[in-house]
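Here the protein sequences line up with chains A and B, keeping their order.
For the first sequence, the residue numbers in my numbering are 27 to 440.
For the second sequence, the residue numbers in my numbering are 1122 to 1635.
Don't take each hint at face value.
Stated by the list, open to error - List of simulated lysine-lysine pairs, PhoX-like, C-alpha gap at most 20 angstroms:
id, chain 1, residue 1, chain 2, residue 2
1, A, K361, B, K1188
2, B, K1417, B, K1433
3, B, K1248, A, K394
4, A, K333, A, K318
5, A, K383, B, K1178
6, B, K1142, A, K217
7, B, K1178, A, K333
8, B, K1178, B, K1188
9, A, K361, A, K30
10, A, K217, B, K1456
11, B, K1124, B, K1229
12, B, K1229, B, K1188
13, A, K318, A, K302
14, B, K1435, B, K1414
15, B, K1136, A, K217
16, B, K1178, A, K217
Just so you know, these hints were derived from the structure itself, not from any lab.
Remember, it's a predicted structure, so these values are computed and weren't measured experimentally.
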Amino acid sequence: MKEKVLSEHFSIDNFFKLDVYLKHNGYQAVTKALTELNPEKILKEAKAANLRGRGGAGFPAGVKWGFVPQNGDKPKYLCVNADEGEPGTIKDRYIMTHNPHLLLEGIIISAYCVGINTAYIYIRGEYENIALRLETAIDEAFQKGFLGKDILGSGFDLDITVHRGAGAYICGEETALLESLEGKRGNPRLKPPFPASIGLFQCPTVINNVETLSNIPAIILKGAEWFCALGLPNDGGTRIFGVSGMVKNPGIYELPVGTSLKDLIFKYAGGMKEGKKLKAVIPGGMSAPILKADEIDIAMDCDTLMKADSMLGSGAVIVLDEDTSILDVLKIITKFYAHESCGQCTPCRIGNSWIKKIVTRISQGGGKEGDIDNIARLASNMLGKTLCPLGDAAAMPILSIVKKFRDEIETSIK
Amino acid sequence: MMKIYIDGREMQVEKGMTVFKAAENAGIEIPHLCYHPAFPPEGTCRMCLVEIEGLPKLELACSTQVKEGMKVHTKSEKVVEARKGVLEFLLAEHPLDCPICDQAGDCKLQDYYEEYGLFDDNFSESKDRREKKIKLGKHLIHDNERCVLCRRCVRFLREIIGTGEMGVFERGANTEVNILEGMPVDNNYSGNLAQLCPVGAITDMDFRFQTRTWFLEKGEAICPLCSRGCNIFIEHHRGFSRFDLPKRVYRISARENAEINSYWICDIGRYGYHSLDENRAEKIVANNNKSIKNYKAALTFFTEKIKRLLYKKKTSRITLLLNTFLTNEELFLLKKIFQDDLGVKNIFFIDPPAGEADDILLTSDRTPNKKGAEELGFEITPFELGDLEDETEVLIIFGDYIGEIFSPSDIQAYFDRIKDTFLFAPHKSEIDSIAGIMFPTVMTPEKGGSLTNVDGKVQKFSPVLEAPEDGKAEWKILAELGTKLDVNFKYYKKFLSPEEIFRQMQKEIPFFEK
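Here chain B stands alone, though its shape is the one from the complex (with noise of 0.2 angstroms):
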């Protein structure tokens, strides 16, 4: 440890820290654009620059470290001068086009044109004209006008990715960032690059012109779509009070986390949220028994065949379809009830098929828990129809992915067979028509919970989202069914949140307890 001076303040900072590192843990902002964490310091854009006392220049905060006495300025007059000097190096061939740009409200250079320059335009010559929409992938639009040359973009493909699509190319002020010719960016990490851009330069097709980013609202959430768990944003409109928006969620951006996907998430998890807003189930739909017109009814009448078979002693008469999209909190309540209350030993799953995994981030599984079911004593055995015994009089499945594998028909003669089927789906499907009761569920961003990653980290998410009309949550729905089955009703009286839930894991399962 030792000691320096910034801005006055003194502090103990690590060996080998850098200047801009140790004014961010002390919470002094330095301005940069080029500087990202998750590379080696790049020294280009300037923005950065401190005063260093007994040193003749200004210095790179980004790239000098620290040393015992070392006393920085980083906001003296010398240094105000220099930052305002290089944003107006920046700004001078930067398109005036903030009121259509994506990245107005979220973008640095305007940031920094707030807090330091704010000074009148001296450019009086006429600006460079570049390509303003260069395809660089099937995601990306790139503005040559808008870059301020960070070479982010460049770097990220290089360093990280390793595919190195892009270059640098020209030089001087005719320098810029592109593709190499016949290599569009279409890695499956190429959604990063417009999340990387501190300007508007690299735009995502999904979302230009879209919406404003001030409207959107960040939530915390996990990736659900495979077993890495990558940490992410939900970015979501709250809407306007006179008129209805299509969809709630706008963009799915990568949010930090050191120990599980860094800075960045694949675009299977950032392009995977139209299913958020698109074909949800809403409503209960009771094929047999129009009498079922509201949630409450529907699960009264699920309980009572439930109960039925119980005090018939026929329980092996139920088969569970369940899926790794689950909880582990609803993964507990299905093998409380299931298995350990009611001996229900015909547990199946139905989850998308594996697909391949790259040394980046995209796992093998293409579901966030399967880890977690297997901790809580899941036998992982895939569905087949087949496996649909004669005997079945109540089939109970979880998730909409039965559709996706098996043709409707094919169902349809099984489902025939089995005077009881009830789907609990967040999605509209052909199956809904097929199914006794189709009860609407959530998606993993509209409840709580947590998910164990394929490395076995438990990571716990609040709900993000509403969850639609009828839809209610996997785990409240457990919660109830159990208070309702008069086998071991009181345990699951206190369960009235995912933490309550997860506490009685912890006591339950030792895996669950650190």
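Excised from the complex, chain A in its bound form (with noise of 0.2 angstroms):
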């Protein structure tokens, strides 16, 4: 069995409460950074480990916390993005209901690396349990000390606050986060600034994602060498990768950065449903570009895959059957980003849903010679050119599923 860095846990009957994490060497990873660490070495052992964010974007979360200002008199805030809503990924969920005060002992290690005293978790509405739950964990940690003034004393301190999304899946982009955080309408910001300058309250912001910051007690107590060597060497760690469509157990799986996708499929979950063929993967989460079917032998790490044309993503791998309809596919793709677009810059605005009515027609059997290169002309008008990244995330899959699915699409139009 491969080492696990956040799942090992999972099974076990009430570990998300505090007296039974404890029992599991829980705390110890703040203990040793509180009370033997000073920050500098913190940063330097989450840069070593080379820990790349799990959100989406795979930065190094060591370099982010980097480019935060030390010298300023602004407060300096975190906030943990744990609003996960890329279709496919449903990574954080498990780590929060099952392993909630790993989270929080990420969150106080960091915190404390960076010198900050206000931690935010902003974590998607539909969550509503699981908000609860962490909450609990927080009243918990609190009453044993691990939260609030002079933890361990320390001198340090930190409270943490649980704010609930309204169910937008632009509140995961982390300026509109912060807008929403705020109390605004989330729509994201004009970057630069950067929000490690001016982020939430206009003040030093951290964003990191749930699974991110779970992985960092490991790295304080077994150390960045032992991190790295889980994983790559660019590309340090385990991910948690959420298979989910036409296999046989779809599901949460806990491996090494690299594993190969076709093992993920074929080995660990079970390979396809009813003994169909595969036709493709979406490899992480819906914004990724697809792979076909003769694609998967490839490696899960960001920057395998990007080279591959696509992205690891939130590490959500989506498995399509020979019966998936590719032009449902897109529907799916183009009606859910034209629902998601916040609407404030032109191109993802209007491009979204230009796209999708084009999409619409055409498998209402309305579809007309052209369709397929204004989809690809609309899509790529989009690249590139919107203020977040929605739109390239809207335009990746859409640009990915003309180009190799141009013959299929094209029966559904003659």
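Please assemble the complex out of the two chains, which come individually in their own frames, going by the hints.
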């Protein structure tokens, strides 16, 4: 069995409770970090671990922390991105459900490292029970002195607040998350300035994904070298892959970064359901460009997938079988992005709605010659030209589908 | 300073400047809709994308700051293609109602289509229908189909005025701007929204369907309705040769002046133009003396009346009612003639009552030149009818505000005791029949001169509109009077224009030297 960093204890009863968590070496990482290590050492360790962000962009977490200016007089904030809105993504909910104290430990250590005294967990509105569970865990940690004033006699203070979103995909984009947290409409901000210098309430802010932060305690306890060795030199650790779609055993699988996609589907997730043939895979959440069946012999890490013109994203693997209509896939994708575009910038607002109109028309039998070229042209006009990554997130899968499955879509037009 | 290149042209620009501003300063226009210099960059319309060498994606000109050695291309193939793409998106759902749109001819979207678009319509879907006539407030109508969501309106109300009546609702293609429930845009700056709107989404009910913008000429003027001295354009119609238009002025818009009014004016100033065309006094009215049929005869009569008192050394029997709508030059001549040359002491002012000042532009004085009058040495003594002394033989009134404060019957009762009353007014009023002679005068945009604003800033202006038939600018009447009074007539001969009067003021009054 492969070594697990995050999901090792998922099956232990009541592991989400502090007393159970403490029995399994809980809060040892926090104790070590706050009593034996200083922030510089922790930052060095986090950087050396090559922990790439698990939210989608794959940006190294340690580097991100290093961007926060340390000499200002403004307060600094940590925002935990628990909005988990990328279709197919189910990893953070498992971590927060089964191992909330691991996340809290990650938050405490990173806040201590960057010099932050206030953290917010921005959790998607639909995760109501999980939000309650987090609040209970926070209360427990407060009572035991892992949160609040002068944690473990270190002189370090930290307060954590759980904030529930209201069901907008865009609020998973880090700057829209900040706007929403400030009580405003969840519209992404123009960057620069980046949140590290001007973020929440105009103050320096670190925004990390749940899974990213949950890796920190293990890095502190076992060291960056050990963590890195779990995965790849430039992309350390494990990932919780969420496999959904037409496989025998859909679910979450914590595996080393760099595990083959083919193994993930056929070895771990039990292969295709009902013996059907594999048609295509969306390897990193819906915004990741699609891979055809003959492209799945590929390592699941940020850089390799990027080289293959796709992306690891949130590690959400959506498996499509031979019976899946690619036009239906396209319809779902275009409908989703047209619905979730915040409407702020022109290409994303109109582009997604326009493409959706064309795809809907084709699916209703009204397809015309030139429609596919038009879809590709419009998607290209969005790509790289929008205010936030949502435009790209929509354009990339659409472009990959019309490129790789053009023949199939054409059969719906003729 | 740093060196950058835009479209191959080398230029020195200040550190921290945006690419947009650097290009603008060099006369290179970059298309934009959401960007407006009054606000921080918004970056949402995506029209201002430019190519910067060494960067993988196109960048926004409005928000990207210059860097030493930066090479920017604003017209490369990549940029032009991107602009076309954005324009195509903007126009996909945009209604084709330019023929009935007030903004046509003055519309950024039209301009950019002419310049970058001219593509075939690839949009074969049905356009989303949206509300086309939303009443935002007492002056404004919003058309959601025409809106390009630049959010200038929302930002103006939040960031400049602070009232925040408007917000963004819904999302994706359903996104729209509207007023918050029960919060119409009825603040005193609402009219700016129609001017700020880069397309014809927010239109002004006062201007809606009145004329086409290409018939309008924009005359530079100063708003005379408070002492801020906001810079304005008087947008007027030259008319057609074959038929008469009901009016000359169709709207007033804000003219940028960073030191005074930025890009804005208040609604009092914006909608106060109707008095330029309505109820204007055009002909001399001589009630007591039917032989006076023209302006020249009236002025001679007026001059003789003053001369008579001068010879009798009874100029103390002259009472002068002034106002602070008069220009610096006019007040200067009034002071020279009546105070210095004739020794008149009974000088009063009739101005509209002070209003409430806001902390934005509107001041409490509702006239443009109170500060100027003070700097010229006038004591601003408000007038009451009881101030008319029994011995007053000649009463000279400037302006038509007297009829607004006092009832005609009260005025009549006092005027009956006075031999000669002369009224110099731009509008017809009931006082015309009470006064001995009514001289039509002009309104501020019909004359030249200068005004001193509340902060002591002297602003010169030239006439924008023609004077009505018999209407004459007060400075002209006064300069002529000065040459005919045999006291100091040579002094007044040189005053053939407001500039010459101003030069004389500069010599005599230190305040106007600068």
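Against the structure, the hints come out as follows:
{"no.": "1", "hint": "A:K361 with B:K1188", "in the structure": "violated, 41 angstroms"}
{"no.": "2", "hint": "B:K1417 with B:K1433", "in the structure": "violated, 24 angstroms"}
{"no.": "3", "hint": "B:K1248 with A:K394", "in the structure": "holds, 18 angstroms"}
{"no.": "4", "hint": "A:K333 with A:K318", "in the structure": "holds, 15 angstroms"}
{"no.": "5", "hint": "A:K383 with B:K1178", "in the structure": "violated, 28 angstroms"}
{"no.": "6", "hint": "B:K1142 with A:K217", "in the structure": "holds, 18 angstroms"}
{"no.": "7", "hint": "B:K1178 with A:K333", "in the structure": "holds, 18 angstroms"}
{"no.": "8", "hint": "B:K1178 with B:K1188", "in the structure": "holds, 16 angstroms"}
{"no.": "9", "hint": "A:K361 with A:K30", "in the structure": "violated, 37 angstroms"}
{"no.": "10", "hint": "A:K217 with B:K1456", "in the structure": "violated, 61 angstroms"}
{"no.": "11", "hint": "B:K1124 with B:K1229", "in the structure": "violated, 31 angstroms"}
{"no.": "12", "hint": "B:K1229 with B:K1188", "in the structure": "violated, 29 angstroms"}
{"no.": "13", "hint": "A:K318 with A:K302", "in the structure": "holds, 15 angstroms"}
{"no.": "14", "hint": "B:K1435 with B:K1414", "in the structure": "violated, 28 angstroms"}
{"no.": "15", "hint": "B:K1136 with A:K217", "in the structure": "holds, 19 angstroms"}
{"no.": "16", "hint": "B:K1178 with A:K217", "in the structure": "holds, 14 angstroms"}
In the structure shown, a violation is registered for the earlier hints numbered 1, 2, 5, 9, 10, 11, 12 and 14, in ascending order.
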